[in-house]
Structures are given as C-alpha cells and as structure tokens.
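Asker: Here are the chains, one letter per residue:
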Amino acid sequence: MTEEKKAEERKKRRTATEAAAKIGPMVKAMIASVLQARDEGKPIAYTFICCCYDEIIRAMDIVPAWTENYAGICGAKRDAQRFLERAGSENFSRSLCTYALCGLGFDIWHEELGQMPPDAPWGGQARPDVMLGSGQILCDPRSKWYQAAQHYMPDVPVYNVGLPWPPYENDYDYREVQDYYVKYIVEELRGLVTFLERHTGKKMDWDRLSELVDLTDRTWNLIWETYELRRAVPSPMGTGDAMNTMVPIVFMMATQQAYDFFKELNEELRRKIANKEGEIPDEKYRLIWGGGLPAWFALTDFNYFNSKGAVFPVETTYRMVEAVYNFDIDLSKISDPLEHIAWRWLKFWTYWYDKARKRPGSHPDVERLIQYIEDYKIDGIVMHEAFSCRTWHVGLVWQLNRLKKIYRDMPSLILESDIVDISSYNEADTRARIDAFIDTLEAVKSRGR
Amino acid sequence: MAGKGAGKGLVAVEEYYQNYGSRARGLKRQGMRIVGYLCAFVPLEMLTAAGLMPFRIKGDVNEPITKADAEMETIVCPLVRSCFDVSLKGKYEFLDGIVIPHACDSMCRTYDIWKYTLNLPYSHLINMPHGTDEPSLNFYKAELNTFRRSLSRFAGGEISDQSLTQAISVYNENRAKVREVYELRKTNPPLISGTEVAKLLIAAVSIPVEEAAELIDSVIEEVKQRDRVLAAKPARLMVVGGQVDNIAFIDLIENSGAWVVADDLCPGAREFFSDVAVTPDPIDGIAERYLRGIYCSRTFRERRGSYQEYLEQRFGHIGRFVKDFEVDGVVLYIYKYCDPYGFDVPAMKSYIESAGVPVLYLEDEYLMSTIGRLRTRIQAFLELLGSK
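First to last, the protein sequences are chains A and B. All the letters of the first sequence, read from the start, carry residue numbers 597 to 1045 under our numbering. All the letters of the second sequence, read from the start, carry residue numbers 55 to 442 under our numbering.
The reader is advised that the hints may include incorrect statements.
[To be verified] In the DSSO-like style, the derived pairs of lysine-lysine whose C-alpha atoms are separated by at most 30 Å in a straight line are:
hint, chain 1, residue 1, chain 2, residue 2
1, B, K240, B, K195
2, A, K1041, A, K880
3, B, K390, B, K377
4, B, K143, A, K1001
5, A, K954, A, K1001
6, A, K1001, B, K377
7, A, K673, B, K278
8, B, K121, A, K1001
9, A, K779, B, K195
10, B, K145, A, K1000
11, B, K195, A, K943
12, B, K121, A, K1000
13, B, K143, A, K1000
14, A, K638, A, K608
15, B, K62, B, K121
It should be emphasised that the hints constitute simulated quantities derived from the structure, not laboratory data. These numbers were taken from a predicted model, which means no experiment stands behind them.
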C-alpha cells in the first residue's frame, strides 16, 4: 500500500549561505515546539501565511501551527502521497490545493486513529484548538480548507478574517476606497481578538501587540534591505536559499528570532559581497524566479540551474514585504495597532499601483517584474505553474505576454508540476527543459556580444 | 425595449438557446450598450438601472479550448476557460464591457486577463467579501457604491435610487416567474422537463429582463396548455453544482431514465429563489441578497450552533428542495479545479445522505467528450436507486 511506503530519502539541496542552512533545524524545532505546546496545554491555532494575524496571535501567546508549512514538509520529504490519497478517499478532488489535501488527509487519518498517523514527518502536526482562515481576493482554500477540516474536527471553531485589498482599476484610484477597506480589516481583526479570547481563554496584551507591530515593521525593513543586497554581481544568494529564508518571513514574523535571523543574513551577505563571493564561482546568467511556488520535492533543481552557470538573485515568490518607510503614509503615526496592521496590509498590496499607472498598458505585477529585471540585471525569467494552486499560478502566462508587449522580449521558462504532489513531476523532462532554456540564454548572450 | 425578440414560448427559447447572444447582438445594432458578466454574483439591477443590458457570458462545451490557452493557464476552472475562449474567438463581439465578481479564484484571479486581453471600454471587479458578518456586509455595501459610481461614469449618468428600486422590482417579478416554472416540476411526472427549464433559464439570461419575464410567462402558459403530458420515469433527480450553462448533462440524465425536477445551479434555482428586499437605500437590499441570500459554496457562512446546525445553515436549502420536489437522488456535478464546491463535497454529501437520499458525486471537465463516461455513472446510479 502506498500509505505504508516509507518516505524516499532525498539528497539535500546545497545552500549558498550559512543562514539558509540553518533553516531546516529551525523548522524542525518549530514543529516540535507546537507538539510540546500541545502537551503543555497551550492553545494552538491552525494558521495560514500572509493573513495579517502574526502579531495578534503572538501577543496573545497562541501557538501557530502553519498548515501550509507542514504540507510543504511532507512534500519536501516526498511523503505526502499517502495523505493526498486519504483526502481523495473522502471525495476531495485531486485538482484542489494539495497543501489543503495533504493537511486534510493528515487530519482525517489523525482523527480516525486518535493519534498521529504512523511515521508522521517530524512527529506530526498537533491538533488545533481553533482554526484561523481568511477571505481575500487571493485564495479560496483559505476560506474553504478549515471549513472542510471542521467536518472531521467539528469541535474546533473556525474564524475567517476578511482581508481584501483594492483591485487595480482604470477608472478610479485605490485611494478613493482605501478608508473603507482599512475600516473593514480593522473590524475583522477586532473580531478575531474577541474570538480568540472567547475560545482560548487568553487575553490580548495591547501593549505587547504594539511592540510586536513595531518589531514587524523593523523586520520588514530589514528583510527588504537584506534582499536588496542580492543586486550585487556576483549575487551572493539565490532563490533556492530564499525558499529557505522564507521561513522567518512567513512563519516567524513578529518574533525576535525572525529579526535576528535577517540581521545575521544581512551581515553574511555583506561579507560575501565584500569578498566578491557569489552563489556560484562563475556566474553566467542572472535569472528571476518570476512567479509560482516551488516544487518542494524538487528544490535540487535550483542546484541544477547553478551547475549550468545560472543564478537567481531575485524572486517575487515569498517576497511578502516592502520597506514600510517607502509607503506613502507614515505607519509610525498610527497609534491603534490593528489599524497599523491594516494599513501595512493595504499599502503592501497596492505598492506597485502608482508605478504601473505611469507606463501605458502596464499592471502592478508586471511593473514589479520590470523593476526587478532592471535592478538585479536579469537575463531571463523562470516561473513555476503548480497545477493545484490557482492563487499564485494563474496569470503567469499573461504577465509574460504583457511584459513582452510593453517592455521587451526575454528568454522565459515556465516549469510545470506541483507544490506537494510528486506524481506531477518528471525530473528528466524538467531538466531537459532547463537545458534548452540555458541554450536560449546562451544564444541571446552570444548575439549581444 | 427597442426592437423585437424571437417571439414566444418554447420555440423562442430554442431560438435564443441555439443562437445564444443573438438578441444582444440585435439590440447592440439598435444602439443599446451591452455589458457581459460572469456568475450569479453580479447585481444585475445595477446594470439595468444604468440603462445597460446585462448579458451572461457562457461557454461552449462543443468548442475545444484553443485560443484561451495562450493567455490563461489550464489549471483554471474549465468553464471560465471556455467562456474566455469563446469570447476571444469573437462570439460576443457586441460587448461594451465586462463585470466580474470576486466569486472564486478562477474568476477573480483571471480578471486582469479578461480586462487587458478583451480590452473593452468598460471593466470592473466587484470585490465581494467571503464572510457574511456585519463588517463584511457593510464593506460590501461600500463596494457596491464604488461599482455604482464606476458604472455611472461609464453609462454617462447617475444611477438614481428610483431607477434602482424600479430595477429591483422588475428582477423580483422575473424571479417569481421562474419560481412559478419550478412549481410545474413538482407533479409526478413533471409538467416541464429539466432540459426545457435549463434551456429557458439559459435563454433568459441572454435577453433583457423585461423580455425574459414575457418569455417565461409564455412558456408557463404553453406548458400548462399542452396536450402531451410527460411520461412517467422511475426516478426524480436533483442536480447540484456550479454554473451549468448548457443542456448536455441534464439531457443525458433525462435520456437515461430519470427526470431532473430540481437543481441548485446557475442559471437555476440558486439565482432565482431569493429576492432583493425593497429598502429605503436600495443598496441595502441588494447587498443583503447577494451576500447572504445566494447559497453558493464561495460564501463563508459563520457557524451558529452545533456542527449539525452548521450543515443545515449551509445546505438546508438543498434539503428543502429534496423534500418539496420529492427528489429520489442527488447528483453533485462539480467541475475539476473548482475550489469552492470541491472542498464542500464530503460535507454536502454526508448532509444529503443523512436524510436518506443517495448522492452521486461526479467531477467533470466541461467537455462533450466526457459524456460517455458520465452516462455510465448515471445509469449505474439509476440502477442503484431502482434497487432501493
């Protein structure tokens, strides 16, 4: 039975930075700490990344169990299939988000057994006391996954935070509507605090919340400044490493640990730049990872790119921060921490709107690509289309077409597989496509010489 | 309304169904501005009050998706891909604009693709919240007012409360007529087939609402007076799913030995069974109905009470249809890549089955080529029902 199969042992991806190499143990410790919290009776919340509630749950001493992270771990360890099949046996379609299917399969099995599924990766995922979903114009599974999980854990309450941001439209500026967006988000976050107090018995510490909001602002700035260092030629860190360093960004935000991690990474990158030490010794092609979550089970593909002389100084994926001092409002003047969080959210999602407005036919997502292409001296674009996720993987083809139309044509490659479901992946085919792409890059470079 | 439509009764329905968009095309020639939309969540009252004609964009199960793939990923819901594909191929060349609601990822994540590729004079995304709590409702009202202002600019005149209230009345009357059609399905055998109802409702969303009301009236009259009574069949089924904008699947069931007597589909009961309340500020009534009154899996209903009560809150309308229309079995007909309905399948299935009603879950790809496979499943399900 596939269920009984042991996870396939996999060679680890080589990291370019010491900081990135530390992430594996950090994640392992994070998973262990959630299991320990369960034993100690601390309240645990199922949580999604990019949902605005990092500071809130930390200020209330609620322990987050990042369900996308756990599914990603199962995927990276090539041990997700048995959980996907569990979900499938309950009639969840295999075309749905495989993070969700993996998590649901795990929970279904967990509930059936009354204990962790056998050989659960890294000890398994703790049963939650609450589940915190969200409603955005980003991702349906964020409002559906935990609702579906409740079918198997009916005693676990769900709160769904409304977190919209204004669309980019031709006939009005987002500033015309931003006030009612912020008002709504603040009300939803206030509702979340009430919900958490009711269901966990924890009280919000508002002073601590303000401190964590400030810490998060500082961490955002530091991350942005650190990633900007990667503009250097040769680039000291690639997207492969960024798929590790996303951990403090999305799973540890509002903690001193995240801030300290980036301080260390910042110092390491500065050292490497001073020593002209690149991700690889002979950097030939500089690429952007222009969209899509990675195939967690195939991160060694980044090493394969490296072996061909290609590096990724920049990516759009998981770069979920901007420097808050670049926003058009001064967040430090907002005294209400919830309002502060709401404005930061709104200004992040609308950050590229003004710039896009200045270029005929442009769009914020495309404008961001253009800016990165110029800032990081990019030769080609690589994207990844994960079949199970419409959130991050719809619009990639269109963005490339638009880029060509309003900016310039450049070599591009769209890889296809999934985030978790390894059955969608063919290593030989993927690498053949990478080889062909490298040939194209070389041909373009040769023409320019 | 300027000009004339295709006439009356089921003959006119057939004409509108077979030549989908013909009426809009004709009206466009007479100077009417046509705004295409996707999904049941676009408040049509607003478009009509602005003097524009709303036109439901539908796909084509017989048309292979080809052009769309150059701009839109194949992981998008196949219905949305088909709608986009036929739009790119010029089937709806008469459109002046497009409105897309935040119904699901496949719609809202493709909004920019629609907007930039079709490059119509008008486009708008209605940013509906998922939640139905008071803050979500208030936010949605603000969004509707943004839509109202945006649409007014395009239409070249303010959308007054009076015109909105009038449009609300017209749409409510239209919905009441559709409910009257559904009453004809309660008898055994039904007075009107599921295929005829599907054709009628698809036709109705392609023509101006006033003409749709006349058309529905004429069909009711015709059906009540026709001599031929539909033959008795051993099973009465209900179909639940997203947008089913062609008759292929309903027809398949009815050719396999059952009547489809009820549905929770679009176009279908989902969008015709709840009215907009007439309120001093018409936006209040519209917001309440579209956010809370349409039972679609894309909407997140905050739980009240026990889990069993929560299932009732979410799927109770299906249970009521089953009872009122004496349904023997329910078919969950869900498209591949449909996140909102896909995640609801186990809960929905167990809710319906707990009432002793068998459920068949089918995942489909919005293609005629899958019909053979579906037929086998339907026949097996009917055998199962027959053996009970």
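Asker: Each hint should be assessed against the structure and marked as holding or not.
Answerer: Comparing the hints with the structure gives:
Taking the CA atoms of K240 of chain B and K195 of chain B, the gap is near 37 Å; set against the 30 Å cutoff, the hint is violated. Among the hinted pairs, K1041 of chain A with K880 of chain A is consistent with the structure: their alpha-carbon atoms are about 9 Å apart, no more than 30 Å. Distance restraint check for K390 of chain B and K377 of chain B: the Cα-Cα separation of roughly 29 Å lies within the 30 Å cut-off, and the hinted pair is therefore satisfied. Simply put, K143 of chain B and K1001 of chain A have alpha-carbon atoms about 21 Å apart, close enough for the 30 Å limit, and the pair holds.
Our distance criterion of 30 Å between C-alpha atoms is met by K954 of chain A and K1001 of chain A, whose separation comes to about 15 Å. Proposed proximity of K1001 of chain A and K377 of chain B is contradicted: the alpha carbons are some 56 Å apart, above 30 Å. Restraint check for K673 of chain A and K278 of chain B: not satisfied, since their Cα atoms lie roughly 65 Å apart, outside the 30 Å limit. Straight-line distance between C-alpha atoms of K121 of chain B and K1001 of chain A comes to about 18 Å, which keeps the hinted pair within the 30 Å bound.
Distance restraint check for K779 of chain A and K195 of chain B: the Cα-Cα separation of roughly 13 Å lies within the 30 Å cut-off, and the hinted pair is therefore satisfied. Using a Cα cut-off of 30 Å, the hinted pair K145 of chain B and K1000 of chain A holds, with the two alpha carbons roughly 27 Å apart. As the CA atoms of K195 of chain B and K943 of chain A are separated by approximately 22 Å, the hinted pair is consistent with the 30 Å bound. As the CA atoms of K121 of chain B and K1000 of chain A are separated by approximately 18 Å, the hinted pair is consistent with the 30 Å bound.
Simply put, K143 of chain B and K1000 of chain A have alpha-carbon atoms about 22 Å apart, close enough for the 30 Å limit, and the pair holds. Note on K638 of chain A and K608 of chain A: the hinted pairing is violated, with a Cα-Cα distance of about 33 Å set against a maximum of 30 Å. A hinted pair counts as satisfied when its Cα atoms are at most 30 Å apart, and K62 of chain B with K121 of chain B does not qualify at roughly 36 Å.
Hint compliance for this structure: hints 1, 6, 7, 14 and 15 are broken, all remaining hints hold.
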